[in-house]
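If you read the protein sequences in the order shown, they are chains Z and F.
Once you know that position 7 of the first sequence is 7 in our numbering, the rest is easy, because the numbers rise by one and skip nothing.
Once you know that position 20 of the second sequence is 20 in our numbering, the rest is easy, because the numbers rise by one and skip nothing.
By construction, these hints were calculated from the structure, which means they are not laboratory data.
The C-beta atom is built at its ideal place from N, Cα and C for all residues, glycine as well.
Take these hints with a grain of salt, some might be off.
What the hints assert, rightly or not - Which residues of chain F face chain Z? A few of them, derived with a C-beta cut under 7 Å, are:
hint, residue
1, Ile147
2, Thr148
3, His512
4, Gln515
5, Pro516
6, Ile517
Unchecked claim - Covered by chain F, per the in silico footprint, the following chain Z stretches (three or more residues, Cβ under 8 Å):
hint, segment
7, 56–63
8, 174–186
As the list claims (entries may be wrong) - Derived DSBU-like pairs (lysine-lysine); straight-line CA-CA distance at most 35 Å:
hint, chain 1, residue 1, chain 2, residue 2
9, F, Lys172, F, Lys427
10, F, Lys238, F, Lys427
11, F, Lys508, Z, Lys68
12, F, Lys508, Z, Lys58
13, F, Lys178, Z, Lys58
14, F, Lys427, Z, Lys58
Spelled out from the first residue to the last, the chains are:
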Amino acid sequence: MVDVVILDAETHHDLRVIEGSGSQFGENIQFAPVLATELRQLVLEYPVLFMKNPETGKFGLVVVLGAKPDENRYLEADRWQSSYIPIHFRRAPFLAVQSASDGSGSGALAIDLEHMRISRDRGTRLFDDARQPGALLAEARRLVSLAMAGVRPTERMIELFVERGLVVPWRGTEIDPGSAASLLYAIDEQALAELEQADLGDLHRGGFLQAAFLVAASRGHLSRFAVPT
Amino acid sequence: MTQRVRHIVVVGGGTAGWLTAGTLAAVSRSQRAEPIAITLVESPNIPIIGVGEGTWPTMRRTLRRMGVRETDFIRSCNATFKQGAKFARWVTGDEQDYYYHPLVLPQGYFETNLGLHWLEGEKQQSFSRSTCPQEEICEAGLAPKLITTAEYDGVANYAYHLDAGAFAEFLKAHCTEKLGVRHVLADMTGVRAAENGDIAAIETAQAGPITGDLFVDCTGFRSLLLGGHFNVPFRSCKHILFIDRALAVQVPYPDPDTPLASHTISTAQGAGWIWDIGLQSRRGTGHVFSSAHTDEGEAEADLRRYIRATGGDDTHLSVRRIDIEPGHRERFWAGNCVAIGLSAGFLEPLEASAILLVEISAQFLAEQMPATREAMEIVADRFNRTFAYRWDRIIDFLKLHYLLSQRTDNDFWIDNRAQASIPDSLKELMQLWQYHPPSDADFDRAVEVFPGASYQYILYGMGFRPECGYDAPSRAAAREADRYFERNRQETRSMVGSLPPNRDLLDKIARHGLQPI
């Protein structure tokens with residue numbers, strides 16, 4: 001269940017957020033959504049693929065965390081083993097909602113009241129007694145704006161890749177994606193190598209050419225999931 | 001002197017004109033260093049017929065080849081998915097009487113012939129239900145694909161229903177903006193003949209004479225170039241197919257969420273049948289009938305009754321009448337002119353063969369484009385032979401639907417079964433099918449308009465049974481067939497369990513679009 005509301009000092013003055021990591025916070029997932037703006041850090045440790053949203057058919061960018069559904073090999077008990085943790089995990093339970101009138105404006109900070117991190121008796125308080133935001137909220141605000149700022153570039157990047165024929169269905173065997181199998185896509189390295197001058201220029205201008213190579217190369221990390229046969 | 005084909009003039013801007021121009025331009029641009037110039041001349045004063053709303057799955061290839069995004073097409077043309085046709089009341093006329101002609105081939109179509117095995121024992125459900133999943137998909141009102149399925153890919157094979165007027169506008173924009181087709185708005189006033197009788201130019205009121213090496217006649221029923229200038233005679237087939245009138249009407253949905261059928265519904269009437277095609281924002285329906293067997297008032301009353309019975313409001317509808325002379329030209333290519341679309345001929349809307357013929361004519365022309373005027377004689381001869389054959393097969397296939405009816409409520413049906421009205425070629429096939437089920441091997445050409453499977457769906461759907469039965473299959477063959485029947489049950493369950501309602505998918509496409517991959 002998800003119950004997203006805009007954060008409000010009056011209504012939510014007594015809310016607390018439990019910090020830390022682990023499966024108790026829903027972090028045991030095989031795929032997590034990530035942003036083009038995180039690619040530089042992500043590709044050092046994670047395989048990055050494209051995944052279709054089953055509800056809209058639209059492509060998103062994901063990292064692969066496990067060899068099978070409900071598995072996160074980067075997480076050992078309550079500790080991440082990787083040096084970079086995707087914003088998706090760090091911002092929880094906060095997110096941004098667009099003000100209803102115009103989709104372009106800056107988003108309001110919102111919170112998912114059903115999230116496993118939310119509590120009224122444990123964890124870090126969001127507001128002090130004077131109902132002023134604390135340090136945790138300041139960090140949340142920073143992460144959510146980072147996430148917001150990454151949405152459009154990620155969409156634009158994938159659109160460009162799809163338009164130029166760089167995206168193909170993923171046909172690997174390193175992981176068992178369960179029901180997500182038909183939703184996974186990867187960079188077509190052959191097509192990337194054969195791009196025409198004009199397309200190279202277009203991709204390069206947006207800074208997306210390097211991103212394409214980073215995503216393609218990150219696929220090598222999938223080998224860490226392969227079960228020796 | 002060698003006269004090379006460098007400039008093609010398409011005369012007429014309806015569905016046929018733009019599909020032809022787009023196909024020729026796309027193929028030529030992808031294959032030639034120097035593409036052939038294409039000009040389309042369209043009258044600003046003559047409206048297009050714009051009634052043809054049903055297609056075949058070939059349309060997916062046609063649009064893809066032209067470089068059209070399926071999302072754009074679906075959004076712009078009010079288009080919906082079509083997974084075949086449901087024929088209601090064609091056999092006995094009863095309320096429960098229906099069968100499907102789906103677009104998916106029977107299971108194991110290239111390995112075995114389930115027609116034989118179905119007759120041997122699977123008859124507790126219809127042939128199409130036993131051999132392919134599509135009848136159940138359609139009956140459940142489901143789409144042929146998912147929002148995650150790429151453009152032009154399908155979970156189940158599909159074609160489209162579309163708004164013909166919007167389609168012509170959509171193709172016009174695509175052809176002129178993306179494919180370099182020159183568009184001239186002008187009324188044709190005459191033909192300037194060359195010494196050898198060819199068309200040297202067409203004369204126009206607004207743009208003067210327009211010269212070309214090859215002219216494509218897409219002028220609709222008027223057939224101004226092939227029929228007019230070249231005087232190629234018309235061959236009527238009204239003695240075989242009796243339909244000669246159509247009453248067409250657009251019916252709004254009672255509300256925007258009304259479920260949307262993903263098949264054409266064809267309901268037999270006393271002296272004809274009613275088509276019912278669900279587009280996104282309205283239905284297109286119409287009654288085609290034989291004026292020798294009923295009158296227009298009666299036919300319109302039948303149509304209004306049908307509209308009310310299917311949840312429509314018939315009070316504010318404007319009914320449009322179209323006269324049909326079923327038949328086609330004796331030849332389709334004469335001199336330096338080829339006719340594509342209604343100018344070549346028209347039979348009746350059953351089985352949506354009109355737009356299909358446009359596509360395969362344009363494809364033939366694009367792929368076998370004569371390089372010179374001299375080569376044109378050879379290509380024209382081949383074109384004429386191929387399409388004479390195709391028209392004959394379509395006539396046979398349409399007649400089959402009437403031949404197998406058992407209705408006796410109007411002479412229309414009885415006359416349709418009179419031996420004199422049945423082409424010899426069809427009589428021969430019916431004889432043949434007394435001894436073995438239809439298969440692709442029964443037909444001459446590598447590329448047939450309708451595959452053997454289509455004949456199976458119609459024959460067994462309409463209750464045809466060989467008089468003395470087919471030879472019994474071996475046990476091994478019977479076991480193989482059982483595996484296909486079982487596979488079909490599994491596939492049907494899995495598809496019906498995973499496909500979304502047709503309306504839901506179209507709403508999602510309107511919001512999110514489909515991905516090209």
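Quick rundown of the hints versus the structure:
1. Ile147: Holds, because the Cβ-Cβ distance from F/Ile147 to chain Z comes to roughly 4 Å (cut-off 7 Å).
2. Thr148: Constraint on F/Thr148 satisfied, holds at 5 Å.
3. His512: holds, 4 Å
4. Gln515: holds, 6 Å
5. Pro516: holds, 6 Å
6. Ile517: With a minimum Cβ separation of about 5 Å from chain Z (threshold 7 Å), the hint on F/Ile517 holds.
7. 56–63: holds (count 4)
8. 174–186: holds (count 3)
9. F/Lys172 with F/Lys427: Violated, because 43 Å separates the two Cα atoms, which is more than 35 Å.
10. F/Lys238 with F/Lys427: holds, 18 Å
11. F/Lys508 with Z/Lys68: holds, 30 Å
12. F/Lys508 with Z/Lys58: holds, 11 Å
13. F/Lys178 with Z/Lys58: holds, 26 Å
14. F/Lys427 with Z/Lys58: Given pair F/Lys427, Z/Lys58 is violated - Cα atoms ~53 Å apart, limit 35 Å.
Checked against the numbered hints above, the structure breaks hints 9, 14 and satisfies the rest.
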